[in-house]
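Which chain is which? The protein sequence lines are A and B, in order.
The letter at position 11 of the first sequence is residue 11 when you use the numbering used here, and the numbering goes up by one with no holes.
The letter at position 75 of the second sequence is residue 75 when you use the numbering used here, and the numbering goes up by one with no holes.
It is worth saying that the hints were derived from the structure and are not from the lab.
Even for Gly, the Cβ is constructed at its ideal location relative to N, Cα and C.
Where hints are given, some of them may not hold.
[Unchecked claim] Some chain A residues well away from chain B (every beta-carbon gap over 10 Å; in silico):
1) K2
2) P114
3) R120
4) S128
5) A153
6) E157
[What the hints assert, rightly or not] Covered stretches of chain A, as calculated for chain B (at least 3 residues, CB under 8 Å):
7) 39-47
8) 162-174
[Claimed, not checked] DEER-style ranges, computed between Cβ atoms:
9) B:D136 <-> A:G170: 43 to 53 Å
10) A:Q186 <-> B:G118: 38 to 48 Å
11) A:S113 <-> B:H34: 49 to 59 Å
12) B:A52 <-> A:S46: 29 to 39 Å
13) B:D55 <-> A:G24: 47 to 57 Å
14) A:L190 <-> B:G108: 52 to 62 Å
15) A:P44 <-> B:T84: 25 to 35 Å
16) B:E65 <-> A:T52: 20 to 30 Å
17) B:E65 <-> A:F189: 24 to 34 Å
18) A:G206 <-> B:R133: 57 to 67 Å
19) A:S187 <-> B:E61: 45 to 55 Å
20) B:G57 <-> A:S187: 51 to 61 Å
Here is how the chains run, residue by residue.
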Amino acid sequence: MKGALRRNGLTLAFLALFVAALIGQALTGVAEFNHQQLADELQPVSLARYVTSAAFAVDVAENWQSEYLQFLLYILGTVYLVQRGSPESKKVGEEGAESDEEQKVGEYADADSPKWARMRGFRLAVYSRSLVLVMGVIFGLSWLAQSIAGLAAYDEEQLNQSFDPVSWGGYVWSADFWNRTLQNWQSEFLAVASMVVLSIFLRQRGSPQSKPVGSSHQATGVEG
Amino acid sequence: MMPEPRPHRLRRRPTLWVAPALALVVLTGCGSVHTREDAAAAAATAFHKAVAAGDTGQACELLTESARSALADNGDCAAALADTDIPEAGSVERSAVWGKAAQVVLNGDTVFLTTFDGSWLVRAAGCEPDPPRPYDCAVEG
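Build the full structure now, drawing on both the sequences and the hints.
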C-alpha cells in the first residue's frame with residue numbers, strides 16, 4: 001500500500017489538489033453567485049443547486065478545455081518545432097515523427113513494447129497517435145460542454161436582463177463564448193512559451209522538467 | 001558526466017476523464033424543461049388574466065417583490081398596476097426557461113419571470129422589443 005502510494009505519488013498528489021481546488025471553486029463560486037443574485041434582487045441558491053448549475057459547469061469546462069488544448073498543442077508542437085537550449089525540446093535537426101528504429105515500432109520493437117507498437121497498419125497508426133487522439137477527444141468534449149453549459153448560463157442572464165435568449169448556434173458565435181475561450185487560451189499559450197524559454201536559462205534541481213543544474217544553456221533535450 | 005537524454009514525453013498533469021460526465025450533467029439538468037416552461041407560461045397567463053379582469057390585487061401577488069417595489073414606492077401595488085398600461089394578451093406563442101429565469105411570449109405581450117421557492121413570479125411585463133437594448137417593459141423589477 002505504502003509502496004503503491006509512493007509509486008503513484010505524483011498522480012495522487014495532483015488528483016488531491018484537483019479535488020481540493022474544485023471544492024474551493026464551488027464554495028467561493030456559490031458565495032459570488034448568491035452575491036450577484038441578491039444584487040439583482042433574485043433568490044439565492046443552495047450549494048447543491050449551484051454545483052449542478054450551468055454557471056458552475058461553464059466555469060469548470062472552460063478551464064478544462066483550455067488545459068487539454070494546451071497539452072494537445074504542446075504534444076504536437078514538440079514533434080515538429082524545436083527550441084535550442086530547452087529541455088522541453090528535441091535537439092535541433094530532430095524535428096519530425098522520427099524513424100521506426102528511433103520510435104521502436106514494428107520490427108524495431110522491444111520485447112516489452114506495447115502490443116500495438118509491434119504491429120503494422122491501422123493499429124500502429126492509431127497507437128502512434130493515441131495520446132493526441134485521446135487528448136483531442138477530451139478537449140473537444142470539454143469545449144462542447146463549455147458551449148452547452150455556457151449557453152444555459154448566458155441565456156439565464158439574458159432573461160434576467162430582459163433580453164431574448166439565443167440558440168446554441170448563436171451562442172458559439174457570441175462574444176461571451178469566445179471571450180471565455182480566448183481568455184483561457186492566452187494564459188495557457190503564455191505559460192507554455194514561458195516554460196520553454198525559462199527552462200533554457202533557469203534550473204530546478206531534481207526536476208525532470210529542468211536541465212541538470214550544471215548543464216549549459218545550449219544543451220537541448222536534456223532532462224535533470 | 002551529462003546524463004543520457006530520456007525519451008520526450010509529457011508528464012506534467014494527469015489525464016482526466018470527466019468532461020463527458022460534465023456534459024451529461026448539463027444535459028440531464030434540462031430533463032424537466034417542458035414542465036417548467038408550462039409552469040412559467042401558466043404564471044404569465046394567470047397574471048394577464050388577473051389584469052384583464054381588473055383584479056390588480058391578485059396580479060400583484062404574481063409579481064416579484066422587486067417588481068412590486070418598482071411599481072409602487074408607497075406599497076399600493078394594486079392601484080399602481082391599475083394605472084399602468086399593460087397590453088392585453090392572448091394565447092401563449094412560446095416559452096423559454098433557462099435556470100431560474102423564463103420568458104413567455106404571449107399573443108400581445110412578452111413576460112419575463114423568475115422562480116422564488118419553486119413558484120414562477122413575473123419580474124417584467126408589458127414588454128416590447130427595443131434592440132439592441134433590453135425589452136422596454138411597463139413593469140420591471
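Structure-based check of each hint:
no. : hint                          : result
1   : K2                            : 20 Å, holds
2   : P114                          : 14 Å, holds
3   : R120                          : 22 Å, holds
4   : S128                          : 14 Å, holds
5   : A153                          : 7 Å, violated
6   : E157                          : 8 Å, violated
7   : 39-47                         : holds (count 4)
8   : 162-174                       : holds (count 4)
9   : B:D136 <-> A:G170: 43 to 53 Å : 22 Å, violated
10  : A:Q186 <-> B:G118: 38 to 48 Å : 42 Å, holds
11  : A:S113 <-> B:H34: 49 to 59 Å  : 54 Å, holds
12  : B:A52 <-> A:S46: 29 to 39 Å   : 37 Å, holds
13  : B:D55 <-> A:G24: 47 to 57 Å   : 50 Å, holds
14  : A:L190 <-> B:G108: 52 to 62 Å : 53 Å, holds
15  : A:P44 <-> B:T84: 25 to 35 Å   : 29 Å, holds
16  : B:E65 <-> A:T52: 20 to 30 Å   : 26 Å, holds
17  : B:E65 <-> A:F189: 24 to 34 Å  : 47 Å, violated
18  : A:G206 <-> B:R133: 57 to 67 Å : 60 Å, holds
19  : A:S187 <-> B:E61: 45 to 55 Å  : 49 Å, holds
20  : B:G57 <-> A:S187: 51 to 61 Å  : 55 Å, holds
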